[in-house]
Amino acid sequence: MIEAVIIAVLALPLATAFGALLARTPRSADAINVAGALATATGALGLAVAGIARADEPAHGGWYVLDAGGGVFLAVIAVIGLLSALASPLQLAGQGRGLVPAARARGLYYLAFHAFWATLLAVPLVDNLALAWVLIEATTGGSALLVAFSGKRSALEAGWKYLVLTTFGLAVALLGIILLYTLAGSGGDLAALDWRSIAAAAPQLPETGALAAFVLIIAGLATKVGWAPVHNWLPDAHSEAPPAVSALLSAALLPSVAFVAWRVLVTLGPALDPGAGSAVFLGFGLLSLALAVPFLWRALPWKRLLAYSSLEHMGVLALGIGFATPLATAGVVAHVAGHALAKSLGFYAATPLLRHVPDANRQPIRGLAAAGPASATAVGVSLGALAALPPSPLFVSELLILLGGLSAGETAVTIIAAALLALGFLGLAHALIEGLVGEPRPHRWRPGRSARQITRLTVVCTAGMLVVTVLACLLPGSEPVELLMRGVG
Amino acid sequence: MIGEPVAVALAAAGLGVVVVRRRSVAIALVAAQSLALGVIAIGDGLGESAATSTAGIALIAKAVALPALLLWVVRHTREPRLIVEERHALTRAVVAAAIMLTLIALVPEVLPDRAAQRCAVALLALGIAIAVLRRAAIFQALGFLVAENGLYVAALAAPGGLPAVIELGLVFDLVVVVVVAAAFSAKIHEHLGTGDTSRLEELRD
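Top line first, the protein sequences correspond to chains C and B. Sequential numbering of the first sequence, starting at 1, is according to the working numbering. Sequential numbering of the second sequence, starting at 490, is according to the working numbering.
Be careful, since some hints might not be right.
[Unchecked claim] Cross-link-like lysine to aspartate or glutamate pairs, in silico, DMTMM-like; alpha carbons within 20 Å at most:
no., chain 1, residue 1, chain 2, residue 2
1, C, Lys152, B, Asp685
2, C, Lys152, C, Asp359
3, C, Lys152, B, Asp694
4, C, Lys152, B, Glu691
Keep in mind the hints are simulated off the structure, nothing from the lab. This structure is a prediction, so every number in the text was calculated from the model and none was measured.
In isolation and in its complexed conformation, chain C is listed as follows:
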C-alpha cells in the first residue's frame, strides 16, 4: 500500500509536467500546474505524516524507506514545492523570450519545475546511497535550465556555473560511493548500499578506506548543499533563478542533499575514528558561517542577500549535524522547517519587487514600507525570521543547536558559531531596517494581483513558522528525534 502511494506521489508531478507542457493555453497550463501541485503535496504530506507518526515502525520496501527523518524532509519539500507551484503563474505572467521562445516558455517551465520537484520528493524516500546519488544528480539538468530561464547573460552564467560545479562535485561523491561499495564487499549486490546495510557493515570496514570514501562522498555532496568552500555557484544561482525556483533550490534542494549527507554520517560514522566524521561537518559549518557573515553586512540586492543567508543557514545545519546530540538534532529538524518557510517567503516577495522596482535585481532594497506595504510585510517577516528574531523558529532551532554543541563538549566551536551568528544577526537587522524604512528608491508600485498573492503567502508562511516555533520547543526528547539519533529506518 505504502509503495503504491509513494509511486503515485512521485508520478503525479511527472504527469502534471507533461499535462502542462501539452496544454493549449497558458491559463489551462496554470490550472494543470495548480491542480497537480495540490494533489502531489496532499499525497506527500500524507506520507510524511505516516512516516513521523509511525516513527518506531518505519516502512521498508525494496528501494524505499519511510522513517521519521525522511518524513520531516518530505513534508518540507512538499510544502515548499506546493507554494512555489502556486507562486509560479504570477511570476510567468509577462515573461517574454527567455531561454526558450515565449510561446513554449510556460510549458517548458512547468515541465522542468515538476520534474525537478518529483526528483526532490524521491530523495528522502530512497533506501540506498547510490540511488540517492542518481536522484541528486538528476536534479541538476532541469534545475540548471530553470536557473537560466530568464535567458539573460547573468542567468546563463549562473546556470552554467551551477551545472559545472555541482556535476563535478557529484562525480567526486560517486567515486567515494564506488569505493564504499567495494569496501563493503558487495559482490555486485545493490543492497550493499542500503542505509541499514552500510550501518551494519561500517564497524568491519578498514578505517583508512572508509575515511577516504566518507571524505569523497561528503565533499562531493557539499558542492550541491552549497557548503563553503565549494559554494561558489550558490549566490549566483539563487539570485538569477526565477523566485519560485530560488525558493525550491534554497528551501528544498539544499536541505534534502544535506539530509543524505547526514545519513552517510550516521551510517558510516562508526567506521571512522570517533569524532572524525563530525569534524568534517563542523569544518564545513564554521567555514560556511564565516564566509557568509561578511556578505550579510554588505548592501546586496535582495535575492543575493537571501542567497548568502542560505549559505549561513546551511552552515548552521552542518554544525547541528556535526554536534550529533539530541538537542542539536532537534535543532536541525526545526531549522530545516523554519528556514524553508522564512527563505521561500523572502524569494516569493521578490516577484512583486522585481516587477515594481526596476533595479531590484542590481541594488539593495530601501524604504519599502512607504512604497509597497504588502511586499514590505513579506520582506520584514522573512528577514526577521532569518535573522532569528523571536518568535522565529530559527531562534529556537539555533539555540537548540548551540546548546547541543555545548552538550557535545564542542565548547570552542559553539562559541565561535555563536559569535558568527550574532554578527550575521546584526548584518541582517541592518538590512531589515534599511530595506523597510531607508530612503526609498524610484518605484512604480500599483496595488494588484502580485500584492494580493504576496499577502496570502505571507499569512501562510507566518502561520507555518509560528507552528514550527511551538513544535521546536516540544522536539527535544521526543521519539522522532531519538530515532533520528539512532540512525535510519
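Using the hints, position chain B against chain C.
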C-alpha cells in the same frame, strides 16, 4: 580488468583534451576513450545479458550519441577565431598532470585492480582539470565525459561491477547533463558570439 597500457592510453586521451586546440579533435579523443571503455565493458560482461546490454547502452550513449551531439553543436557555433586560452598548452598539461598525480597519491588503494583505480582517479582529476583550464563551453562539457569515464573505470573494477540499475541511472544522468550543457553552450554562443565562458563574468560581489 584494465591493464597498465590501457590505463595509460585512457589517461593520455584525457590529457590530450587538456592540450588540443580544436574542439572537434577533443571530441574525437573523448569518443575514442569512451569506445575503448565500452568495448572492455562488453568484453567483461560477455555471458551475462544484463551486463552486456548495460555496457552496450553506455557505449552507444557515450561513444556515439553524445559526441555526435557535441559535434553538431560545434558545427552550429563556429568560432570567429580559435579561443585564446589563459595558459599555454604545456603549462596546462603540467598543471593537469600535477592535479592528477596529487589525487592519485591522496586516494588510498581500495579497488582490487591497482591500475584501474589509478586510471579512475586520473580521469576524474583530468575531467576537473579540463573544466578549470579550458575556456570553451564545449571543452567543459567534455570534462564531464572524461570524469564520468573515470567513474566507469572504477565501476568496472568494483568486484561484481555496479548493479545495472545504477549504471543505467548514471548513463541517464550523464545524457541529461551533457544535453543541457550543449544547450547552454549554444545559448552562450548566441549571446556572446563565442563559446568562451571566461567572458561570462558579470556576477561578482
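Okay, the hints, checked on the actual structure:
This hinted pair checks out: Lys152 (chain C) and Asp685 (chain B) have alpha carbons roughly 16 Å apart, not beyond 20 Å. A distance of roughly 15 Å separates the Cα atoms of Lys152 (chain C) and Asp359 (chain C); the hinted pair therefore holds under the 20 Å criterion. Restraint check: the Cα-Cα separation between Lys152 (chain C) and Asp694 (chain B) comes to about 18 Å, which is no more than 20 Å; the hinted pair holds. Only pairs whose Cα atoms come within 20 Å are accepted, and Lys152 (chain C) paired with Glu691 (chain B) is accepted, the gap being roughly 11 Å.
Every hint, counting from the list given before, is met by this structure.
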